[in-house]
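Quick note, the sequences are listed as chains A and B, same order. Numbering of the first sequence is given in the UniProt record's numbering, commencing with residue 1 and proceeding in unit increments. Numbering of the second sequence is given in the UniProt record's numbering, commencing with residue 1 and proceeding in unit increments.
Each hint should be verified, as a subset may be incorrect.
Unchecked claim - The calculated lysine-lysine pairs, modelled on DSS-like cross-linking and capped at a C-alpha distance of 27 Å, are:
hint : chain 1 : residue 1 : chain 2 : residue 2
1    : B       : K217      : A       : K88
2    : A       : K145      : A       : K91
3    : B       : K220      : A       : K66
Unchecked claim - Chain A stretches covered by chain B per the calculated footprint, using a threshold of three residues with CB under 8 Å from any CB of chain B:
hint : stretch
4    : 28-42
5    : 70-83
6    : 92-101
Keep in mind the hints are simulated off the structure, nothing from the lab. Positions of the beta carbon are idealized from the N, C-alpha and C atoms, including for glycine.
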Amino acid sequence: MKTLFLFLLSMLVLPGAWAQGKYSTRTGLISFFSGTPIEDIEARSTQAAGVLDATTGQVAFSVPMKSFVFRRTLMQEHFNENYVESDKYPKATFAGTIVGFQPGPLAAGGAQSVQVEGDLTIHGVKRRVKVPGRLERQNNRLLIKSTFTVAPADYNIEIPALVRDNIAKSVAVTVNFACEPATPPQTSFSR
Amino acid sequence: MSRFHCFLLASLGAVAGLSTTPTQAQDNLLRELETTTDSTRRAAPDLVQATFKGTHIINAQSVETPGEGTLLFLIQHRFGTLNSGAYNFFGLDQAVLRLSFEYGLTDRLTAGLGRSSQDKTFDGFLKYKALRQSTGAHAMPVSVTLLTSAALTALRFREPERTPRTRLAYTYQALIARKFSPALSVQLMPTLIHRNFVDTRRDQNDVYAMGAAFRQKLTKRLAFTADYFYLLPGATADDMRNALGLGVDIETGGHIFQLHFTNAQGMMEKLFVTQTTGNFFDGDIYFGFNVSRAFTVKSR
């Protein structure tokens with residue numbers, strides 16, 4: 001009860017411009033990198049949709065697999081057709097919660113490192129993951145950054161023997177979102 | 001509403017928030033995100049990819065192009081006929097070849113150059129993706145790629161020597177394809193071939209043909225393919241045969257190997273549409289393959 005009181009108190013002292021509620025983007029950047037001695041594979045999407053509920057510390061994102069752009073057109077085709085099967089599984093999603101979320105430091109500004117725990121779904125396979133992230137308030141925007149690794153084998157992504165040495169066992173994923181306050185402003189009691 | 005009331009409502013909301021489990025809440029948030037973004041995304045058409053695996057099906061070209069900045073080196077090969085007997089090792093002793101380069105100037109426009117050993121033919125072509133099949137709002141049901149090519153034979157002619165103009169033939173083709181499912185794609189190919197010079201008065205300068213092709217995937221990396229050209233009635237249809245090809249596409253991860261059996265030995269439109277003589281069902285079948293290698297000239 002005491003923490004709840006403190007939490008409510010902290011809401012009172014918020015600067016006017018910093019609204020609680022949801023922050024979202026539709027142009028979030030997600031990129032991944034697979035490095036092997038044979039070749040480096042890199043792809044990026046700027047069509048990820050992301051949302052962070054600054055009241056509860058819940059985070060979600062969703063990215064269309066076909067929006068990933070590769071340096072080579074053929075790689076992009078193989079990625080969609082053979083590896084992630086975009087027709088069958090069009091999106092990768094994440095739904096999670098910031099561990100021990102405190103809205104206070106976020107409102108006060110400045111960057112903070114957080115751990116996010118949640119379900120990552122790729123290629124139709126859902127897995128519980130815990131990834132590090134960084135939150136930063138910049139004026140009225142909320143910057144979310146995270147780098148973590150994903151093993152294709154964990155998500156039943158089959159890699160043929162012939163190209164096994166060309167694709168890394170663990171792929172580095174980078175998430176970079178600049179979220180604006182969602183309009184109309186939604187608060188937790190709207191649910 | 002006073003500031004106090006807002007405060008009270010917010011605190012009530014916070015308490016209400018605690019009553020749902022975190023997993024439920026996070027899934028709700030994701031669902032909410034997906035419903036709002038899906039409604040806006042549906043407005044943007046989603047292009048259908050990889051109707052065919054290669055820029056060629058067997059003999060025919062497909063609606064596919066290499067894409068901007070990609071240079072494709074294509075090796076097409078046909079051995080001799082299967083019915084040529086053990087002396088010719090069932091055709092493997094002989095071979096005709098077409099080597100070509102295709103370069104994607106844009107994602108839609110491609111220019112290509114080729115050289116066939118049959119009739120020592122050089123060819124140049126332009127291929128443009130006029131329509132692209134898509135899903136979503138204002139979906140396009142088919143892909144249409146327009147193909148035009150010029151073929152020049154470099155054979156030596158004596159008595160009389162032939163002028164460059166008489167050595168030329170042109171192809172105009174519309175490739176109309178639809179990917180019905182991830183496994184099945186079908187293509188239709190109305191074709192006109194104009195030959196500047198023909199041997200006899202009876203021969204046609206303009207030859208019309210209708211082509212059809214399909215690709216059926218058997219597994220993720222193996223597909224069955226076929227293409228066929230029907231010559232419209234005329235002198236050419238009387239003298240020549242319709243080109244038929246049956247084959248498989250094998251995908252190895254980086255490359256695609258196309259192995260096939262066909263009654264046509266030529267590997268560009270003018271040669272296989274108007275100059276096919278083999279009778280498929282009599283064993284005049286050429287075993288052959290297409291292999292391509294893609295080079296990224298300009299990365300995106």
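Hint by hint, here is what the structure shows:
1. K217(B) with K88(A): holds, 15 Å
2. K145(A) with K91(A): holds, 20 Å
3. K220(B) with K66(A): holds, 18 Å
4. 28-42: Coverage by chain B is violated here, the residue count being 0 at a Cβ distance below 8 Å.
5. 70-83: holds (count 10)
6. 92-101: Since three or more residues must qualify, the claim that chain B covers the stretch 92-101 of chain A holds, with 5 doing so at under 8 Å.
Going down the numbered hints, you'll see the structure goes against just number 4.
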